[in-house]
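Use these hints to put chain B onto chain A, whose structure you have.
Number of protein chains: 2
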Amino acid sequence: MRNHTPNQHPFILNASFLRILHSSFLILHFSIFTIHFSFSQRLIDHVNPFIGTMNAGHTYPGASMPFGAVQLSPDTDTIPFSVNGKYTGEVYKYCAGYQYDDPTIVGFTHTHFSGTGHSDLGDILLMPGAGKVQLNPGTESQPDKGYRSRYAHSTEKAAPNYYSVYLEDPKVKAEMTTTTRVGVHRYTFDQAENAHLILDLIHGIYTYDGKNAWTFLRVENDTLITGYRQTNGWARTRTVYFAISFSQSISTYGFENNRPSGYNGFWGKFNQTKDFPEMAGEGIRGHIHFELKDNPVVMVKVAISPVSTEGAIENMRIEVPSWDFDSIKNQGQAAWENELSKVKIEASSPEEYTNFYTALYHCYLGTTIYMDNDSTYKGLDQNIHTAEGFTNYTTFSLWDTYRALHPLYTILQPKRNSDMINSMLAHYDQSVHKMLPVWSHYANDNWCMIGYHAVSVLADAMVKGLSGFDHIRAIKASVQTSNNEWFDGLKSYMSNSFYVAEDQSGNSVSKTLEFAYDDWTIAQMLALHPELSDGSEIDLKEYYLMRADSYTEVFDSTIGFMRPRLSNGTFKSPFDPLDTHGQGFIEGNAWNYSLYVPHNPKALISLMGGDKRFVEHLDSLFTMPLADKYIEHTEDIMRAGIIGNYVHGNEPSHHVPFLYNWTSQPWKTQAQTRAILPSQYKAAADGLGGNDDCGQMSAWMVFASLGFYPVAPGSTEYALTSPSIKSAELLLENGKTFTVKVSHQGPKNVYIQAVYLNGKPLHRLFITHADLVNGGTLEFHLGPRPNTRLGINQ
Amino acid sequence: MRNHTPNQHPFILNASFLRILHSSFLILHFSIFTIHFSFSQRLIDHVNPFIGTMNAGHTYPGASMPFGAVQLSPDTDTIPFSVNGKYTGEVYKYCAGYQYDDPTIVGFTHTHFSGTGHSDLGDILLMPGAGKVQLNPGTESQPDKGYRSRYAHSTEKAAPNYYSVYLEDPKVKAEMTTTTRVGVHRYTFDQAENAHLILDLIHGIYTYDGKNAWTFLRVENDTLITGYRQTNGWARTRTVYFAISFSQSISTYGFENNRPSGYNGFWGKFNQTKDFPEMAGEGIRGHIHFELKDNPVVMVKVAISPVSTEGAIENMRIEVPSWDFDSIKNQGQAAWENELSKVKIEASSPEEYTNFYTALYHCYLGTTIYMDNDSTYKGLDQNIHTAEGFTNYTTFSLWDTYRALHPLYTILQPKRNSDMINSMLAHYDQSVHKMLPVWSHYANDNWCMIGYHAVSVLADAMVKGLSGFDHIRAIKASVQTSNNEWFDGLKSYMSNSFYVAEDQSGNSVSKTLEFAYDDWTIAQMLALHPELSDGSEIDLKEYYLMRADSYTEVFDSTIGFMRPRLSNGTFKSPFDPLDTHGQGFIEGNAWNYSLYVPHNPKALISLMGGDKRFVEHLDSLFTMPLADKYIEHTEDIMRAGIIGNYVHGNEPSHHVPFLYNWTSQPWKTQAQTRAILPSQYKAAADGLGGNDDCGQMSAWMVFASLGFYPVAPGSTEYALTSPSIKSAELLLENGKTFTVKVSHQGPKNVYIQAVYLNGKPLHRLFITHADLVNGGTLEFHLGPRPNTRLGINQ
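Chains A and B supply the protein sequences, listed in that same order. Taking the working numbering, the leading residue of the first sequence gets 1, the next gets one more, and so forth. Taking the working numbering, the leading residue of the second sequence gets 1, the next gets one more, and so forth.
These are computed hints drawn from the structure, not numbers from a lab. Keep in mind that the hints are not guaranteed to be accurate.
When chains are identical, the list treats them as one kind, so a pair holds in a single copy or across two.
Straight-line alpha carbon distances no greater than 35 Å define the calculated DSBU-like cross-link-like pairs of lysine-lysine that follow [as the list claims (entries may be wrong)]:
hint, residue 1, residue 2
1, K132, K491
2, K274, K572
3, K541, K602
4, K602, K269
5, K269, K86
6, K476, K269
7, K541, K274
8, K93, K269
9, K269, K541
10, K572, K668
11, K293, K491
12, K132, K157
13, K668, K145
14, K434, K132
15, K491, K269
16, K274, K476
17, K491, K274
18, K491, K572
19, K293, K434
20, K476, K541
21, K602, K629
Isolated chain A, as found in the complex (with noise of 0.2 Å):
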C-alpha cells in the first residue's frame, strides 16, 4: 500500500488550486482557452486575408507560404500607369492587383506585393478559359470582350495558403495554393468545350508603354512551358524565371507577340502563333488548351526563380513532386499555423481574434525569399550569387518596416531577421553605390522614400544580442551607407548639419530629421564596439551622436515646429505646419514630423517647450478638425487613416502615440493606443486605414495589441502601453516563453492602474528586451481612469 504525503492528497491539491483560481483568474481563463483552442480551432482559421483589400490598405487575397517567394493571388485589375500619354491616376489603386468591390477577376498573378504604396510584379498571369479564346483582358464594364470573368464574394474563399473563387464566364473553379516558390493551380472546369488556360505575359501591376523589356518561352514539351519575365519599372532592373507544369497534356496552343519588336527576321517564315514552341518579345499572350475528356481538372504548378528557367524546374521538382493539391495545402497551413502559434493570444471577441492574426499573418507577407533552393539568387550587379549560410531574403520597405516589423521579427523571428541583415550586407556588398538596401527589391534597390534605415534595423538587432551576422561587417556597412555625399541630400546634411531646403531633392526637413536618427542607430552599435574607434581626435560614435542631434538645427522654435531652413540659416516662408505637400516633408506635415526625434524624447519635450507645451501639442494633434484640402494632401490612405491631424495611416507618426510616456500624462498614449487600435485595423475588406507596407501597419497593430512598442529601433527599450488583448504567450526561439497576461480588461478599462513584471510593479512604463527574451510575465491590470501617478515623468 502506498503512502500519501499531504501534498500528495488530492483535496490539499484542490483548496491551492481554489487558492490560485482566485488570485489569478484570468490564468486559469487562459488556460482553459488555449486548451480548448489547441484541440478544436487552428490559428489560421481567425485569418482573413481579405482584410485590407478594398481602398487603401493594398493588400491581396491570395495563396502564399510564410515569407514566400510565390504570392498567388487574384489580379482584379491593373490601370496602366498611362493611358495615350495621358496619367490614370488609378494605377496606385492595384499595388497589389485585387481590389475588393470590383466585379472581375482578370487572372492570377504569382508575385505580389503586400501593402505597398507604389507597386510592381503581378507576374505570370494564367485565367481559364471556355468556348472563344480571347487574348485581351477586356474591361470591368465589358468583361465579356476578354477573357476576364465575373464572380461573386460568395463562392470566394481565402485563408493562409489557399484561395478560390467562381469564375462565373469559363464556369470555372479556381483554386490556388503553395509553396515557397510554386504556385499551384486547381481548376475545376464545369464546361469541357474548349477549355483553355491564357498565360499573359503582358499582364502586370503598375504598367506602362515599355513595362516589358522583355519576355520569353519555350513549350518544353507537352506539359512544361519556361521562360521568363523581363520589367523595369519601380525595380528598375528585374526578371523572374519560370516553369509551368500542367496536369493534363496541352493538346494544342498558341502564342501572339502583341508588341512585336521593330524586326521580326528569319522567324516571320513561321506561323508562331499556333503549336510554335518559342516565342520572345515585349508583349507575349497565349491560350493552351486541353482535352478534358474524363477528368473536369487541371492543375497547374508555377515555379518561378530568380536565377534561371532551370532553377525554377528544379524549385518545383523539389518543393511540388506530386500533384496532391490537398497535401500542398495543408504542409502551407501547417507552416502557418506553426509561425502564428508563436503568439498565442487570448481576445475578448472574434473580430480581436481575427484582426491580432490577420496582423500576423500580414507581418509575414512583407519580406520575402529570395533564392532559389540551391541558394543561389541575382545579385544587384545582376550576377548570380549564392547565399553562403543565410537564406536571402528581398522586399526591404526599409522607411516602413523598421519601425516595428523588423523589430518584431526581432523578437519572433530573430533566425529569419539575422538573415535579412545578412541579405542587407550580401546586397550592400553587391552595391555600385556601396549602400545599404533603401528598398530591395528582387535584385535592385528602387530607392523608394528616404533615409538609409537599414542601418536602424542592423542597430536594433545588434543591441538587442541577435546572432548570425557580422557585427563588424554591418557596422562598416552602416558607416559607409552613411557617407556616400552623392545619396538624396547627405552631402548637404552632412556639410551643414541639416539638409539645406533649396538643394534639389525636396523633403529636406524630414530627410534630416530621419537621417538624425538613423545615425543614432549608426552610434549605438559603436558604443557596443569601442575596437572600432581609430583614435582620430573625434571619436567615431561621438560623430554620429554630434549628428543625431541635426534635428535641433531645423527646429524654429519661433514657430514651435520643424521647418526647411535654408543654406543662410534662415527658416523657409511661407510655411504651413497643417500642409504635407511642398513644406519640406514626406507623407506627414509639420504637426506629425515635427515629433520625429525617436531617439531622444526627452531632448524634443525641451526643444519643444517643455512638458507642458509638449503634451498639448500631442492633445492637438489627436484631436484637432484637419481641414479638407490638407486631407487630400495626405499621401495614399483614406480619411479613415487620419484622426484629428494625427495620420495613422502614414508610417511618420507611428511613435507619437506612445511619446506620453515621457511625459507627465503617459496614460493618454494608453488612451490613444486603444482608440486607434479599434479605429484603424477592422475586420473587414475596408478595415485597414492605409497601406499595410509591407506588414510594418500589422506590425504596429501587433505590438500595441500586446501592450509594447519599440519607439526607437536600436534602443532596447520597449514603451508600455495598454494591451488590448486579454493575454498572450510570445513562444521565442529561445526556447523560453513571454507572457503578457492582462486582468480587468475590457472596451472601458484602458488605462493602466499597474503593471509587473515577474510579479513586481513596474514604475516606469518601458520594458527592455532582454526582459523580453529571458521570458517571464508581464501583467497588467486595467480600469476605467488613468492612474495619473504611474510612470509620469520618466
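Just chain B now, with coordinates in the frame of chain A:
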C-alpha cells in the same frame, strides 16, 4: 684533318643537286622560297584585312584572334533599318560596320560578323574625344556635330590582330589588338585637354527603334566599368556582358539614357548624368574623362562574356593580366602565324600571296568561340551551360559554310571542326525546336536562309573520319532535324516529295533541292552505321536516299530547268529561268539552281538531257549576257560578282564550275576556276565580288587555288581543277603533310596536262580525303591547251 666521304664532298653533292633540279625544278624553287620565306617574311604580312571592306564584301579591317570571340574594328557608319518608319535601304551596306570609302569613323566596337549579308552586333562602342563632349555620333556630312572623326587611309594600318588609325578630330592615334575574349585599345592623345572616351551602348549594327531590349552598366571603381547589352534583331534574344578596364584612373564621367523607359521612378531623385555609377535603360551613352598629366596614352581592355559581367572580368584577368599592348599584339600575331602556316604556298606574285592568305585569314574569322574561359556559355534555352570536353563555338552561317568552309576546317582544323560539331549538337540538345542549327548566332538560331545544312557538316566530318564527336548522337539529331514537319516547307516536301510552290514560304525549288542534298548526306552517315537500321520495311538509309532523289520532282524536262511545281503536279507559270525573284529560288535563278544536285551530278546530267546538253548549259551559263534587270534582282552582290549568268557572289553555284569534271569536257572546270579566281578575288578593298559569308567565299578561293574542291560534302571525294599557286604544303594535325606541286604554272597555263598522286598518274580528276590525310604529293603539270583525254566522262 677530317675525311670527306663522297656524298659529303661539296662537288658531288652539287652534281646530285643539279640532277634533282633538272627533274623537279619547281620543287627546288619551292624549297628555296620557303627557306627564304620562313626566315625573312611572316605569312601574316601577306594578309590585307582591307580586302572586301568596300562594297559587298562585308569584311571588317579590325583586330581579332583566329576564331576570336572579340572582333575589335572601326565602324564607319551604321545606317538604321528605318528612319521615321521609312526603310533606309542602306542598312545592309554596314553589315560589318565599315565601308572603305567612308570618310569618318564613328567608333570602335567589339563584335562583328565577317562577310555576312545580313547583320547584327557592333557592341560596346568606344571612341576617343578631346575638347567638347558630344554624346551623339554626328553624320558623315557633319562629323563636327558628333563624336565621330575624320581619318585618312594613309594613317590606317590593318594586320591580323592589329588595327590602327589616326583620328583627325580628337587628334588621337588609335590602336587595337585582342586576345580571344578581350579587345585591347591604345589611344595616344596629341592634346590633353578634356581627354575622354565615349562609351555608346545604343550604337550597333543593323539598328532600328527598339533594337536594345535593355542595357546596363556600373562604374565599379575608377578603372573598371561592367555591364551588358541585350538586343533583339537578327538574333532575337542576345546579351553581351562586358568589363572595361582603363590604364589610367577615370577623373569624372557621366551617362545619359537617351531612350528612357516610360518610368524613371525614384532614380529620378539622383543626378544620374554625372559621376553616378549605375545606369540602365535602352539608350545609354556616356563620356569617361582622364587627366592626362604626364602620360598621353590611355589603354583600355574590354572583355566580353556570354554569361555574366563576372565572367567578363575573369576572362580579362586570365587573358590580359598586363598592360603590355605590344606583347598582347605579338602573341595574337604569333597565333595567326601558326594558323596560316598550316598552308605554306608558293605563288607567282605578291598579290597572289595576299589573296590567298587573306582568304585563309577570313576563313578563320568565320566562326567564333562562344564561351568563357571556364567553359560556360549561354545556351538556346537562355540557361548557362558548361561545354564539357569541347570548345563551344557560334556564328554558323551554315547555308553558306557547309559548302567549302567546314570541309576546309575538316582538313586544316579538324579539332576545331569537331568542336563546332559538338557545339551544333549542344545547340540541338538545347533547341526546343529539336533542330540542329540553321544559323547559330550567340545562343540563338536566326533561321537565316534555307535547308538544314548542319547535317552536311556532320556527315562530311563523319565520312572523313573526324574524331571527337558522337556519331550516333549526330545521326539522331540529323534524323530528328530533317523530320520536323513544321520547319520551313519540310511537311510539304515530305508529303509530296517536293515543296509545293503554293505553300506559304517561297523558294520552293531551292528548298526541295537543298533538302534533297541534305537528306543524301544523312544517308551517308547511316551507311556508316548500319546498326541503326531498325528492321522496318523501309531502311532508314534507303528512305533518305529516296528523299535525296526529290530533285527529280521539280525538274521540268520540257524546258530543261528546275521549276516550281504545284500541288496538282503541274509546273508553275509564268516562269522566267533568268529571274531570281519570285520564281521559286533564292540567291540564284533557275539557270544556276538547276545545277544544284551536288550529290549526284551524273544523274543530273542525264536528267538534263545528257552530256552535250549539260555542257551547253554550263557553257551558256558562264558566257551568256544577263540583262540589267536580272542583275538588279540578284541579291546582295555587285555586278562584279557575276560572270555571264554565273553568280559567284552568292553561294548556290559555288560547286557549278566543277561540274564539268563529270562531263566529257573536264578541262572547262580548269579554265573556269582559273578565270574566276582573279575575277572574284582581288587584292583591293573592293576585291570581293560578293559577301564573304563568314569565310565561305574565301574557302572556295583556298580550295580552288590549291586545285581541289569538295563538290558534295558528305562524299570523301574532291574534284580536281587547275591550281593557281605554284606549290603548297598542307601541314595536317595528324603530323602528315600533303603537298601540291605544280609545274609550268603561268597565267596562260590553266589546263592540267597530267596529274600525279604520290608519283602515280591519276586518270580520274578526283582525289579522296584519305589521299589528303595520309599525306603525300599531288603534282600537277599544267599547259596552255587542254588535255582533252584526261578524266573525261568519269
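Structure-based check of each hint:
In this homomeric assembly, K132 and K491 come within 35 Å of each other (Cα to Cα) only across copies, at 29 Å, whereas the closest approach inside a single copy is 60 Å. Taking the shortest alpha-carbon separations for K274 and K572, only the inter-copy value of 29 Å comes in at or below 35 Å, while the best intra-copy value is 65 Å. For a Cα distance limit of 35 Å, the shortest separation of K541 from K602 inside one copy, 20 Å, qualifies, whereas the shortest one across copies, 93 Å, does not. In this assembly of identical chains, the alpha carbons of K602 and K269 lie at most 35 Å apart only when taken from different copies (34 Å versus 76 Å within one copy).
Taking the shortest alpha-carbon separations for K269 and K86, only the inter-copy value of 22 Å comes in at or below 35 Å, while the best intra-copy value is 38 Å. In this assembly of identical chains, the alpha carbons of K476 and K269 lie at most 35 Å apart only when taken from different copies (25 Å versus 58 Å within one copy). For the homomeric pair K541 and K274, the shortest alpha-carbon distance between copies (32 Å) is at most 35 Å, but the shortest distance inside one copy (67 Å) is not. Taking the closest pair of Cα atoms, K93 and K269 come within 35 Å of each other only across two copies (24 Å); inside a single copy the shortest separation is 43 Å, beyond that limit.
Taking the shortest alpha-carbon separations for K269 and K541, only the inter-copy value of 30 Å comes in at or below 35 Å, while the best intra-copy value is 69 Å. In this homomeric assembly, K572 and K668 come within 35 Å of each other (Cα to Cα) only inside a single copy, at 33 Å, whereas the closest approach across copies is 95 Å. Taking the closest pair of Cα atoms, K293 and K491 come within 35 Å of each other only across two copies (29 Å); inside a single copy the shortest separation is 69 Å, beyond that limit. For the identical chains of this complex, K132 and K157 are intra-copy neighbours only, at 28 Å inside a copy versus 65 Å across copies, given an alpha-carbon limit of 35 Å.
Within a single copy, K668 and K145 get their C-alpha atoms no closer than 56 Å, and across copies no closer than 70 Å, so neither meets the 35 Å cut-off. In the homo-oligomer, the alpha carbons of K434 and K132 lie at most 35 Å apart only across protomers (31 Å), although the nearest pairing inside one protomer, at 53 Å, exceeds that limit. For the identical chains of this complex, K491 and K269 are inter-copy neighbours only, at 14 Å across copies versus 58 Å inside a copy, given an alpha-carbon limit of 35 Å. Taking CA atoms no more than 35 Å apart as the test, K274 paired with K476 passes between copies only; the shortest distance there is 26 Å, against 56 Å inside one copy.
When the C-alpha separation of K491 and K274 is checked against a cutoff of 35 Å, the pair qualifies only between copies, where the shortest distance is 15 Å, while the shortest distance within a copy is 58 Å. Taking CA atoms no more than 35 Å apart as the test, K491 paired with K572 passes inside one copy only; the shortest distance there is 20 Å, against 78 Å between copies. In this assembly of identical chains, K293 and K434 lie within 35 Å of each other by CA distance solely across copies; the values are 29 Å between and 59 Å within a copy. For the identical chains of this complex, K476 and K541 are intra-copy neighbours only, at 12 Å inside a copy versus 71 Å across copies, given an alpha-carbon limit of 35 Å.
Taking the shortest Cα distances, K602 and K629 sit within 35 Å of each other inside one copy (33 Å), while across copies they are farther apart (93 Å).
The structure fails to meet hint 13 from the earlier list, while all remaining hints are met.
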